[in-house]
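K.L.:
Each step along the sequence shown adds one to the number in this note's numbering, with nothing skipped, and position 215 is 215.
Derived from the structure by calculation, the hints contain no laboratory data. Honestly, I wouldn't trust all of these hints.
The calculated DMTMM-like cross-link candidates involving lysine to aspartate or glutamate, where the alpha carbons are at most 20 Å apart (straight line), are [as the list claims (entries may be wrong)]: (1) Lys-215 with Asp-154; (2) Lys-293 with Asp-307; (3) Lys-215 with Asp-14; (4) Lys-133 with Asp-84; (5) Lys-235 with Asp-188; (6) Lys-27 with Glu-12; (7) Lys-158 with Asp-188; (8) Lys-235 with Asp-209; (9) Lys-27 with Asp-84; (10) Lys-158 with Glu-138; (11) Lys-27 with Glu-4; (12) Lys-424 with Asp-209; (13) Lys-334 with Asp-307; (14) Lys-27 with Glu-56; (15) Lys-27 with Glu-300; (16) Lys-158 with Asp-76; (17) Lys-133 with Asp-120; (18) Lys-338 with Asp-402; (19) Lys-293 with Asp-254; (20) Lys-215 with Asp-181; (21) Lys-133 with Glu-108; (22) Lys-338 with Glu-447; (23) Lys-334 with Glu-447; (24) Lys-235 with Asp-307; (25) Lys-215 with Asp-188; (26) Lys-334 with Glu-138.
Simulated restraints, written as ranges between beta carbons of each label pair [claimed, not checked]: (27) Asp-307 with Arg-126: 41 to 49 Å; (28) Pro-265 with Asn-118: 44 to 52 Å; (29) Gly-94 with Asn-19: 18 to 26 Å; (30) Pro-122 with Asp-252: 47 to 55 Å.
Each residue gets a CB set at the ideal place from its N, CA and C atoms; glycine is no exception.
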Amino acid sequence: MVEEHVAYVTPEGDVMIANGDGSEPRKVGHSVTNGQQLSPLAWDHNGTSIAFVDGENRLTRAFVDPAYPPVILATDAVVPDYVDPDILSWDVSGQFLVYLAATGSGTESVARIVDVANADRPDHIRTIGDPAKREVVEQFFGPTDPIIYQRTTDPVTKLEYTAALVNPVDGSVVGTSFAFDDVTFSPDGRYLFAVQRGTGRLQQLVRVDLRRPTKIDPVTDRGRICRPSVSPNAKHIVFATGRNCGEIWRLDADGSGARRLYTAPGDGTFSVGSFSWSGDGSTLTHAACAVQKEGPVQCEGPYLDIDFATGAMTPRAAAGSVARPTESLTRPLKVSVKITGPVSYSGSMQVDPVPGAGLVSLTATENGSARLRRDGQLSSLRTRLLPSSGASSIGGSFQVVDDGVNETFQIVGRVQPFSLGYAKFRGVWLQTTSMPFTSGNIVITVER
Numbered sequence: 001m002v003e004e005h006v007a008y009v010t011p012e013g014d015v016m017i018a019n020g021d022g023s024e025p026r027k028v029g030h031s032v033t034n035g036q037q038l039s040p041l042a043w044d045h046n047g048t049s050i051a052f053v054d055g056e057n058r059l060t061r062a063f064v065d066p067a068y069p070p071v072i073l074a075t076d077a078v079v080p081d082y083v084d085p086d087i088l089s090w091d092v093s094g095q096f097l098v099y100l101a102a103t104g105s106g107t108e109s110v111a112r113i114v115d116v117a118n119a120d121r122p123d124h125i126r127t128i129g130d131p132a133k134r135e136v137v138e139q140f141f142g143p144t145d146p147i148i149y150q151r152t153t154d155p156v157t158k159l160e161y162t163a164a165l166v167n168p169v170d171g172s173v174v175g176t177s178f179a180f181d182d183v184t185f186s187p188d189g190r191y192l193f194a195v196q197r198g199t200g201r202l203q204q205l206v207r208v209d210l211r212r213p214t215k216i217d218p219v220t221d222r223g224r225i226c227r228p229s230v231s232p233n234a235k236h237i238v239f240a241t242g243r244n245c246g247e248i249w250r251l252d253a254d255g256s257g258a259r260r261l262y263t264a265p266g267d268g269t270f271s272v273g274s275f276s277w278s279g280d281g282s283t284l285t286h287a288a289c290a291v292q293k294e295g296p297v298q299c300e301g302p303y304l305d306i307d308f309a310t311g312a313m314t315p316r317a318a319a320g321s322v323a324r325p326t327e328s329l330t331r332p333l334k335v336s337v338k339i340t341g342p343v344s345y346s347g348s349m350q351v352d353p354v355p356g357a358g359l360v361s362l363t364a365t366e367n368g369s370a371r372l373r374r375d376g377q378l379s380s381l382r383t384r385l386l387p388s389s390g391a392s393s394i395g396g397s398f399q400v401v402d403d404g405v406n407e408t409f410q411i412v413g414r415v416q417p418f419s420l421g422y423a424k425f426r427g428v429w430l431q432t433t434s435m436p437f438t439s440g441n442i443v444i445t446v447e448r
């Protein structure tokens, strides 16, 4: 379980880290804001540090443990007025942090990734995308797979593109063709929840199964829906609704059990900012924001802790942005292997859940090993796969240890990622340790 802490930004711009109940706050830096006076904050998935952008364009990492001084990760970070505060995000492994950087022109920004684990290398910061084609408004990593959701606009017309799910390595889009607002992932990485305009004056809360991202399922509809968020156990959803999105409603994940949880007084709104949860799902946290008669929504009152069971609200310290650490809900991966030829094998196993062991890392690993469990017995698959020079295929070794089988195959083939939750390796095996002059076919299927 992630240790309970909360980070918030005071109206003066000071970044504070406190205990989960708001006690013992400690200043760790000073941040800049977007046009809504909100500061991007990003907890790592272990809840040990918070990232933010300071007034000198420095991407800063501050630690919960005061024994560790803040670390400057980049010196070109920006927070444009037009962006959503969700522009900073850690991947589940804690190795990569995505942010927005200033370009040479000074009028544009571009998405970049910091490889924190290799900060001593000159190429530890990489650019994603082309700012001349897409202007990033919002971006964050999925909770389990190394994939980035981006909301982007045309730099000239400012019209929004459809939702993009981006491979952080080559920048390729692997996601849906739908247009959404207020996108969020379930903590197990299996579903994407978002707001889509329905029929007439209704808006729909919809769900997309990322194993089959070509179909959307409606969850509920209202006249207005804002900022859905999924509970840490993936069993419940909250969202804001009402004229100002000042009401918080809760649902079961299948759309049943709807009931109002909390109503903000006066012109209070939850249309900006984000809901975040305590690790056990008992407390929902959000900034206290209000609709102004003139100008943008302002978030500057005491931030709110709301009891998820009763709806009771406890005001805390005055803050603009506020965020609690999030913990990925890692589900097992199922691996199926079919080998034919002079040597044959067919079996399915379940990968023990390991944080960061997403589909992309399993299928594109340079040196991977998976410990699998089936019927209470420990089995294993071990791979060493390297890209073939100048080709899209990969080759290497594949070892099966299961049910009396202990064989290592030399293989070559291609990985086909059909979706974020389903991928296949198809190829041939050329020889084994016991039969060096034989060959056959091999298919490895990985699905969440």
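K.L.:
Hints numbered earlier in the text: which of these fail when held up against the supplied structure?
P.N.:
1, 2, 3, 7, 9, 13, 16, 17, 19, 26
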